[in-house]
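Mind assembling these two chains? They're in different frames, but the hints should get you there.
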Amino acid sequence: MSVEQIKAGINLYAILKNLEDLVEYDSEVRGLIKGKKISIQFTVKGGPKAGVIFENGSCRVVKGKIKSPSVILWFSSPSHLNKMFDGNANPIPLKGFTKLGFLQNEFTKITEKLEYYLKPDEVSDPDEAYVEMNTRLTLTVAAFALPEIAMYDAEAKITASHIPDGTIQLEVLPDGPAVHLVVKDGKLEAFKGKAERPDAVMAMKDFVSANDFLNGRSNPFKAIASGEVMIKGIIPMLDNLSLILDKVQEYAE
Amino acid sequence: MKTYEYKKSHDLFEKAADIIPAGIYGHMSPAPLIPVSDYPFYIERAEGSHFWDVDGNEFIDYMCAYGPMVLGYNNPVIDAAADEQRKKVNCGTAPGEVMVELAQELVDTVAIADWAFFGKNGADMTLYSIMVARAKTGREKIIRLKGGYHGTAPWAQSPDHHGITFSDVKDVVMGEWNNYEALEKYVMEHKGEVAGIISTPYHHPTFEDNEMPADGYWQKVENLCKNEGIVLIVDDVRTGFRLHMGGSNEYFGFKPDLIAFCKALGNGYPISALVGTNEMMNAAAGVFHTGSYWFSAEPMAAAIATLREMKRTNSVDKMLKIGTMLNEGLEQLAKDHGYNLKITGHPSMSYYRLTDDPTLMLHQKWCGEATKRGAYFTSHHNWFVSAAHTEEDVKKTLEIADEAFKALKEK
Chain A
0 MSVEQIKAGI
10 NLYAILKNLE
20 DLVEYDSEVR
30 GLIKGKKISI
40 QFTVKGGPKA
50 GVIFENGSCR
60 VVKGKIKSPS
70 VILWFSSPSH
80 LNKMFDGNAN
90 PIPLKGFTKL
100 GFLQNEFTKI
110 TEKLEYYLKP
120 DEVSDPDEAY
130 VEMNTRLTLT
140 VAAFALPEIA
150 MYDAEAKITA
160 SHIPDGTIQL
170 EVLPDGPAVH
180 LVVKDGKLEA
190 FKGKAERPDA
200 VMAMKDFVSA
210 NDFLNGRSNP
220 FKAIASGEVM
230 IKGIIPMLDN
240 LSLILDKVQE
250 YAE
Chain B
0 MKTYEYKKSH
10 DLFEKAADII
20 PAGIYGHMSP
30 APLIPVSDYP
40 FYIERAEGSH
50 FWDVDGNEFI
60 DYMCAYGPMV
70 LGYNNPVIDA
80 AADEQRKKVN
90 CGTAPGEVMV
100 ELAQELVDTV
110 AIADWAFFGK
120 NGADMTLYSI
130 MVARAKTGRE
140 KIIRLKGGYH
150 GTAPWAQSPD
160 HHGITFSDVK
170 DVVMGEWNNY
180 EALEKYVMEH
190 KGEVAGIIST
200 PYHHPTFEDN
210 EMPADGYWQK
220 VENLCKNEGI
230 VLIVDDVRTG
240 FRLHMGGSNE
250 YFGFKPDLIA
260 FCKALGNGYP
270 ISALVGTNEM
280 MNAAAGVFHT
290 GSYWFSAEPM
300 AAAIATLREM
310 KRTNSVDKML
320 KIGTMLNEGL
330 EQLAKDHGYN
340 LKITGHPSMS
350 YYRLTDDPTL
360 MLHQKWCGEA
370 TKRGAYFTSH
380 HNWFVSAAHT
390 EEDVKKTLEI
400 ADEAFKALKE
410 K
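Top to bottom, those sequences are chains A and B. Counting in numbering that gives the first Met the number 0, the first sequence runs from 0 upward without gaps. Counting in numbering that gives the first Met the number 0, the second sequence runs from 0 upward without gaps.
Isolated chain B (complex conformation) (with noise of 0.2 Å):
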């Protein structure tokens, strides 16, 4: 099997590094993509669930623009939606109509959500989240949990990193996922002092095996937050949509005051939204959080399609069908190549690790292996599929995973 070369992608990332900081920065850096020379950095076209590079090597996409792509890449359906609302307006002196439409949409699909609220990314919300749980309650202190990802905003950072301070994060506290023992103590410890908690669904660290809630796990934190008056919120971000239409929380069977998404809710075109309960409603309303950008009304268009696209062709299931199929087809092949591949989190974005060598390594080669062979397999992250994978993609995928296993034994 041919395996590709990147030199483009290469010589356009070191004309990049000098004039952009870190060439290409946050999630999207190179720097996690080991060997980097198995990766391109670069993409020059994406089409359903492939892509090609800038020096046109194809590829069948597991990572999906990491979430945001989840009915296929230029999907023609969500497109002509967003095409013919530009047309109309999209960045104007006022919102469109399409917001209010969006906001019906939303109220209507996820179950807890009695009003909807939008901005660009992910981050817009989570912080917007935890203003809106402080003005509900007059409280100060959130607590977060370690390895949960909710952006780049200060208060969602450690303060060792560069340009975070201690008084960025001080009414920040830190708890551990499925560790509710723990929680319940700090709460009640800190009495009328905690105005929200904030996670996501399940657990998806990076470098790190998923892991699922406990039984009634969710439940107890539910009940802990309505006990204590705190402002339960989720991070759909990332899971949003994949796992349940009406919110990741309606998977695992709890309720929570507000629900962040972002990624899949525009299959690539910018928007993401918070959802609330009524009784979250005035505190949301008091709080001033916009951008220039917020009202565009292409993207909310786009959202709507996305959404009802989803509904229509049961995307969620499609998803899981795909992702079980890939993940039974891997962990058999890894099997017949005498490794062991542990695959965590939910089918349709798992989260992979050959256990066979706890530092990574052989792992990340094989990814690597696999990338440089059209499967785009990263070692670091969960991955994704889309409700644009076929069986003639898990099919080829297989192939080339297949090969490469073969290479990590001849090397």
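So that you can see chain A by itself, here it is in the shape it has in the complex (with noise of 0.2 Å):
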């Protein structure tokens, strides 16, 4: 599997997600899709297939086709929808050409919204919100992320198929967000919001803890040492899936 297959499915399965945060905690994009009801399938020939759907203030991206989408965009090739994520392509419309308003200028700015949402590199003097908002979506990717890698990645394979079958949860103490990931025979499935009864959990200490540790910007062994990070349960799953967390970066960039 190509490098272009699991970055197509990271932007698709992973960085789109984030959508479904953005419209939730930030009230500018909120008022963006206000009324509105529109679903936008994506299609990647020969790769991964997801649908974003705004409906009722909210927006859902699920995995694979949807039903009777508004608008279907069309991409060649993973290649093709990884381009334009980096913003060096356009995607070609199979349907819905009358919404080609909607995605020219709102779907625009929400886009343009998690761009800056997810390079804090860029942002010279973050506030609180723009952590928490960051943490939050940088979470979503990781979680997100992880099974596309271990499904594809070479090395990521044997790695995933080391972690014992159960689950494990990643979350922002004390409330913040969590998701977690359940393991069977290898393959990883990620979700919002915690498990009933995970069987691992790595816990970050608070927002600015999850946002170093996230970001790789902490000593992940200071981190640990120093409680700002926090494991327990079945150690050998979180130590399989940083080996994966550490590709998702160069995967995700």
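Please note: incorrect hints may appear among the correct ones.
With a Cα cut of at most 30 Å, we get these calculated DSSO-like pairs of lysine-lysine [said to hold, decoys possible]:
hint : chain 1 : residue 1 : chain 2 : residue 2
1    : A       : 33        : A       : 62
2    : B       : 145       : A       : 183
3    : B       : 184       : A       : 186
Don't read these hints as lab results, they were simulated from the structure.
As structure tokens, then:
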């Protein structure tokens, strides 16, 4: 499986997934989709498919094909999709020409906002709200990128096969966001929110600690030894997961 | 009961993490010590079966330096032998006479040993063992077992780990503990390709219950190796001299071609050894393998003294007795508190797990609570007892463990 294929999976399933939280937590973005009912199908030839549904003031991003999308955006290859995410290519609209206005205006503004929140290095003095949003989105990217990498990266496939079956939870304390990954026979599936009964937990003390940790700004060993990041449970699950996590940055860049 | 604090330990780590990769790397990393707030990171001094951390807290030590300490820290007999040799020469331009003496001691002690070769760490010897196997057979494939640890040389790691490549493990095949049928199937399907099979004498992975060999397992493996011209290697680095002075294979009733020792061999002085049969000696002699400090005489003198002292004091029986006493006491205590403590492996180096919570979180809490009260328990690794542990230590440990169980209920 090519790097482009993995990147395409991450772009559609992990980066785009953040639209859900963006709509929920950013009032400006919420304003942009107010009263809109529109669904966009992203289809990549020989690659991943995902749908984005704006409805009733919220957003859902789902894997695969959605029913009767308002817009279909087609990409000739994973590389084509990735170029669009990098701002260097345009999709081919197959359906929904009447909705092009939304794509060119509101949707573009939403994706610009997403980019702003996902690039903390370009923000000179991030405030508390920015840190929280960046943490939330980065955690989602990490969680939802992991299954793609574990499925297709040659080394990560081996790592994933070493993860015992069960549920791994990543969370920001005390009441921050959480994600969890269900592992079965070396396959990972990501979910937002807390698990009912996790087998292994990585808990970050607060948003600031989590932000530094997830963005690779803190020394992970120091973070664990100081209690900024706490781990418990079946540690081989986390040990192996961290090997795959190390690859997220290189693919998500 | 007073609980410990570790300010100095944790401050030191903070500094270390800026100037040492990972702060404390490898098997002594604080990462699996859960919760980290319950554990010291740095040690100030040690004596017998106890150590004191840099904050002045005293612990009964159930890790024994992860195995090397077998006769007690600062054992006067071993230290005197080492001191005497060091005053004459330690690291010199040629080996000391003591090297021959140690080889003889091992040949006289270890049942299968016709010769001995020395290094510093277990990994030096496991690597050497597979080189010898390849030299002996002219074959390339090495079979090792899933969950078995043979050090950190690239061949002994997984290719998905940092710094390891697929080519590093191209000829390393993974088998499964106690699965003789799969092993035999692979060997027969790859006739004439397997140079060696390396395994610990019983299965002692981390984070998992330890497992003894099934009835007849080792004898079948031994026969398979003999019939197919495969070198059978026992990694006795962790278990060596804790189960049987003649090698752990004697405890389980089989004869390998090569055995790697380290840990208990020098009671803390840095030395490891590979011993083998006459049949392996020419192949061993042909392999070039050495290191700057591999001929240091002081650890060799310490190893001779350790082997003799272990035999003189019958340390294997002592550890079995004290380990059994500890295990029976802990098992009963757990039961009294309504928990089930599963104990696996040999009593001198058992692995413990509270089965009431399969996620290990309860077990991690219990080990942490005991540690911060003075009994150093880890939750991820088998523990070790030494011949220096006393009945008084066990009694005190059980008091601490009792308090730790009570603390679980308070939370």
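Hint by hint, here is what the structure shows:
no.	hint	in the structure
1	A:33 to A:62	24 Å, holds
2	B:145 to A:183	19 Å, holds
3	B:184 to A:186	28 Å, holds
Hint violations for this structure: none, all hints satisfied.
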